[in-house]
Amino acid sequence: MNIDDIQAFLAVVSNQSLTKAAEILHLSQSSVSHRLKNLEQELDLVLIERGKGLKTISLTPAGEDFIPVAEKWIQLLLETQSLKARTRLSLAIGAVDSVNTHVLPNIYQQIIQQHPAMRLHIYTQNSTDLYTLIEQRTIDIAFVLHERIIKNIELSPFFAEPMVVVRLALPEHLGAPNIDPDQLNPRDELYHEWFPAYQIWHNKWWDPFQSSHIQVSNGPMVLPLLRTPKQWAIVPLSIAQSTAAANTYTIQRLSDPPPDRICYKLTHKFAKSRTKEAITIFDAFAAEIFKEVDYLTKYT
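Using UniProt numbering, the letters of the sequence shown map in sequence onto residues 1 to 300.
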């Protein structure tokens, strides 16, 4: 049976009118009548009484009996389509904001171009929430900045990158590609606590009890706040690279740099086979993209 014919029948039944059914289905009345005739011929049954001047339709006994059959048929078709959709490759990815915005988009683009049938679901959350989402199987793969040991979660380093100073692209900054930490005034810092080892390094150079003038809870937010010549911020190089391209900011390397920022990959230990297949595709594209990014330390 043809789904269009059955949908036409059910639309006529629910609206008690060929005209209203045609409006809902965005068809002409003659097209709806044609579909009904096709269905009746296939079933070898008369489903609807036909008579001139009738404003509403009248079902035959066979038509009344066919209603639950038609509804079941539609439901089974929807369930079959849903089953087909579930067998398609899909990948739910979660990452912290800075990684999702400045590192992963090129990988996403490659998947979209070369595996257009794969469905991507992309989430941006903090590291703590991402561990929970992996554990609950809400997402399939996550990228976090904090290392935790959890029973059903596989954790491995994904990449590492240096931390650098970002400032406005002014002549006095452009002429100084390297800088000592003691040349930076903490009162002019736009500060974000990137990860625990970074905080330890930061405390070595600047008094932790003398808080920075501006502190942000979301690391990438430091960049829009850089507005004066004296202001500075320390950010991962992936963020600095994406902003320096606009010639608004410049990058300075630290003579005594903090530890590299490490991004960890999380997956569930008991992932489904289709999920593992999708993750393998993701990993292959990540490996290719990382070959082109010389400032990232890759992990196998």
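I should point out that these hints are in silico values taken from the structure, not numbers from a laboratory.
Every value quoted in this text rests on a predicted model; they were computed, and no experiment measured them.
Just to be clear, a hint being listed does not mean it is correct.
To be verified - Derived CB-CB ranges, DEER-like:
id: 1; residue 1: P157; residue 2: F209; range: 28 to 34 Å
id: 2; residue 1: K37; residue 2: R88; range: 53 to 59 Å
id: 3; residue 1: N178; residue 2: F209; range: 56 to 62 Å
id: 4; residue 1: M118; residue 2: R187; range: 47 to 53 Å
id: 5; residue 1: R137; residue 2: Q16; range: 16 to 22 Å
By construction, the Cβ of each residue, glycine as well, lies at the ideal position given by its N, Cα and C atoms.
For the range 28 to 34 Å, tell me whether the beta carbons of P157 and F209 fit it or not.
holds, 33 Å
Look at the Cβ atoms of K37 and R88 and judge whether their distance stays inside 53 to 59 Å.
violated, 36 Å
Falls inside 16 to 22 Å, the C-beta gap from R137 to Q16?
violated, 46 Å
Quick one: are N178 and F209 within 56 to 62 Å, going by C-beta?
violated, 28 Å
Can you let me know if the beta-carbon spacing of M118 and R187 is within 47 to 53 Å?
holds, 49 Å
The structure fails hints 2, 3 and 5 (numbered hints given earlier, in ascending order).
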